[in-house]
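Under the numbering used here, think of the first position of the sequence shown as 40, with each following residue one higher.
Hints are not guaranteed to be accurate.
No more than 20 Å apart at the CA atoms, straight line, and that leaves these computed lysine to aspartate or glutamate pairs for EDC-like [what the hints assert, rightly or not]:
#1 K66 with D94
#2 K66 with E54
#3 K81 with E69
#4 K103 with E47
#5 K81 with D94
These are calculated hints, taken from the structure and not from any lab test.
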Amino acid sequence: MGKPVSHEVLGFSLEVSTIDDITSPLKNLESLHLCGGGPTAKEYLHAQLECGFVDVCGRWRHRKCAQVLPANGACQRCAGPSDNLRVHQAGHCSGSKEKEPA
40 MGKPVSHEVL GFSLEVSTID DITSPLKNLE SLHLCGGGPT AKEYLHAQLE CGFVDVCGRW
100 RHRKCAQVLP ANGACQRCAG PSDNLRVHQA GHCSGSKEKE PA
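All chains, full assembly: derive it from the sequences and hints.
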């Protein structure tokens, strides 16, 4: 989602000499679970977090997102910023100029 993932994490070898060197990593790739990110950016139009960004799919994602997970869902870092986003959204909507803690 806009961040590189090393070939080792994906189970790819840089050396290819047989068909199996290609098909085996592709099977591994099919079984990977990727972080789904946090809440959608539409939910928090005016929020800005230093610890996160909006990815290409329009979801908030933590800058230290795990990306590859053992199961479906979102990593703990991406699932966690909802409270901070609500605080930032409320501060913007109320006209508050004070910076809320991230």
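Honestly, which of those hints from before does the structure not fit? Those not satisfied are hints 1, 3.
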